[in-house]
Amino acid sequence: MAVTAESVLAGDRLALSRLITQIENGVQESRATLDALFPYTGNAYLIGVTGPSGSGKSTLVNQLALKLAQAGDQRIGIIAVDPTSPFSGGALLGDRVRMSDLFANPNIFIRSMATRGALGGLARAADDAAYAMDAAGYAFILIETVGAGQSEVEIAKLAHTTIVVEAPGLGDDVQAGKAGLLEIADILVVNKSDRLGAEASARALENALALGVEINGNSDDGWQVPVLRVSALHGEGLPELVDVIYSHRRHLQDDRGWAERKNRRARSGLVRLLKESLYTAWQTQVSEDAVDEMAAKIAGGALSPEQAAKRLLET
Amino acid sequence: MMVKKIRVLIAKPGLDGHDRGAKVIARALRDAGMEVIYTGLRQTPEMIAAAALQEDVDAVGISILSGAHMTLVPRVLEQLKANGQGAVHVFVGGIIPKEDGEQMRKMGVRFVYGPGTSTMDVVRDIQALVG
Numbered sequence: 012m013a014v015t016a017e018s019v020l021a022g023d024r025l026a027l028s029r030l031i032t033q034i035e036n037g038v039q040e041s042r043a044t045l046d047a048l049f050p051y052t053g054n055a056y057l058i059g060v061t062g063p064s065g066s067g068k069s070t071l072v073n074q075l076a077l078k079l080a081q082a083g084d085q086r087i088g089i090i091a092v093d094p095t096s097p098f099s100g101g102a103l104l105g106d107r108v109r110m111s112d113l114f115a116n117p118n119i120f121i122r123s124m125a126t127r128g129a130l131g132g133l134a135r136a137a138d139d140a141a142y143a144m145d146a147a148g149y150a151f152i153l154i155e156t157v158g159a160g161q162s163e164v165e166i167a168k169l170a171h172t173t174i175v176v177e178a179p180g181l182g183d184d185v186q187a188g189k190a191g192l193l194e195i196a197d198i199l200v201v202n203k204s205d206r207l208g209a210e211a212s213a214r215a216l217e218n219a220l221a222l223g224v225e226i227n228g229n230s231d232d233g234w235q236v237p238v239l240r241v242s243a244l245h246g247e248g249l250p251e252l253v254d255v256i257y258s259h260r261r262h263l264q265d266d267r268g269w270a271e272r273k274n275r276r277a278r279s280g281l282v283r284l285l286k287e288s289l290y291t292a293w294q295t296q297v298s299e300d301a302v303d304e305m306a307a308k309i310a311g312g313a314l315s316p317e318q319a320a321k322r323l324l325e326t
Numbered sequence: 129m130m131v132k133k134i135r136v137l138i139a140k141p142g143l144d145g146h147d148r149g150a151k152v153i154a155r156a157l158r159d160a161g162m163e164v165i166y167t168g169l170r171q172t173p174e175m176i177a178a179a180a181l182q183e184d185v186d187a188v189g190i191s192i193l194s195g196a197h198m199t200l201v202p203r204v205l206e207q208l209k210a211n212g213q214g215a216v217h218v219f220v221g222g223i224i225p226k227e228d229g230e231q232m233r234k235m236g237v238r239f240v241y242g243p244g245t246s247t248m249d250v251v252r253d254i255q256a257l258v259g
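From first to last, the protein sequence lines stand for chains A and B. Anchor point for the first sequence: position 71 equals 82 in my numbering, and the numbering is continuous, going up by one each time. Anchor point for the second sequence: position 62 equals 190 in my numbering, and the numbering is continuous, going up by one each time.
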């Protein structure tokens with residue numbers, strides 16, 4: 012059953028919810044609905060929240076959504092991603108446990124999403140679900156990634172502002188200097204700032220950032236990544252975080268950053284769609300058996316992975 | 129590529145804090161390949177229905193050990209209907225007297241599970257309903 016663009020635009024929450032399911036499931040009709048919704052997108056501000064598991068992302072998202080909702084009569088969408096089991100294909104989506112404050116709020120819409128095999132910390136459908144929420148009039152969309160280790164950096168291609176959440180005791184200044192997750196932060200949050208070691212973690216991050224500036228100068232767009240001490244559980248440091256989000260937004264809008272991020276998201280979405288379409292088209296031409304057969308040849312040492320792939324592509 | 133996943137909300141309404149049963153079921157459904165949304169303790173029927181709507185679930189599992197099932201479960205059913213989700217399958221687990229179980233089934237609850245239920249049975253029931 013197709014979901015009409017009109018119903019989503021009219022604010023029908025069940026329609027939005029069903030559309031997101033169809034996007035996730037790859038239902039063909041959802042593509043036409045998204046196409047019809049696309050002209051109504053471009054107004055939402057996307058905030059990515061990422062960081063290691065247990066660093067307090069969900070609790071932070073809960074508090075942020077409350078603060079943003081209080082700030083004005085505006086709707087807040089949340090996309091909370093958790094991993095799919097590589098074995099069963101199932102998932103336990105538990106981010107809502109920390110977000111009960113928001114369930115009954117008519118201006119807040121939370122959608123839990125499983126990665127369904129996507130790498131990089133996000134679900135494949137997150138981008139399109141964010142477009143759907145955008146068209147439905149959600150002013151802010153908070154996207155929480157899976158618990159991220161070091162290289163789950165897809166969120167930076169999607170969000171206008173990326174918040175990386177760290178917790179005390181997760182590493183020294185060498186960890187803080189490694190490539191990956193910390194490089195994508197527009198804002199760094201040391202959560203659980205009431206705990207022992209929080210100040211040391213914050214300093215290690217500040218030192219790593221200062222070292223980057225010493226070597227490379229300020230970032231191209233002139234934004235200096237702040238390190239904020241927050242206790243999401245106790246509500247400390249949140250007004251400051253909201254202020255910094257707003258100033259990053261102003262910074263992007265005043266500069267060419269806004270257009271750049273829009274392009275970056277468009278490009279990464281386009282490439283993802285192209286990959287998927289090409290792969291799906293190719294899959295219809297080659298049988299699973301042929302793939303199994305080639306895999307057996309690699310395992311048996313008769314062909315290298317490269318040679319096997321080449322043969323399959325040539326058939 | 130069409131991939132349909134069964135989505136199930138596992139909810140704990142009311143004031144009792146015994147969530148082991150809910151967690152066991154959530155885990156069993158996960159291991160059977162379903163996407164399980166777990167909401168945590170002390171949910172009101174309104175919160176459960178709101179979550180079911182936003183998550184577009186196929187089924188809602190309600191775990192109650194407090195004895196308040198005859199007040200809470202009908203309210204969840206009503207709220208789901210009011211939100212246009214009357215077709216969502218509802219199942220209940222907990223310590224439920226037989227007569228109450230029968231009455232709940234008449235109201236539209238699909239399954240009522242007592243202590244000692246095998247998780248395999250729950251998985252099979254939901255797969256049969258939704259799959």
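One or more of the hints may lead you astray.
Under the rule of at most 30 Å between Cα atoms (straight-line distance), these lysine-lysine pairs were calculated in the DSSO-like manner [as the list claims (entries may be wrong)]:
no., chain 1, residue 1, chain 2, residue 2
1, B, K226, B, K132
2, B, K151, B, K133
3, B, K133, A, K286
4, B, K151, A, K286
5, A, K308, A, K321
6, A, K308, A, K286
Hints were generated in silico from the structure; no laboratory data involved.
For each hint, the structure was consulted:
{"no.": "1", "hint": "B:K226 / B:K132", "in the structure": "violated (35 Å)"}
{"no.": "2", "hint": "B:K151 / B:K133", "in the structure": "holds (20 Å)"}
{"no.": "3", "hint": "B:K133 / A:K286", "in the structure": "holds (23 Å)"}
{"no.": "4", "hint": "B:K151 / A:K286", "in the structure": "violated (38 Å)"}
{"no.": "5", "hint": "A:K308 / A:K321", "in the structure": "holds (13 Å)"}
{"no.": "6", "hint": "A:K308 / A:K286", "in the structure": "holds (26 Å)"}
This entry does not satisfy hints 1 and 4, going by the numbered hints stated previously.
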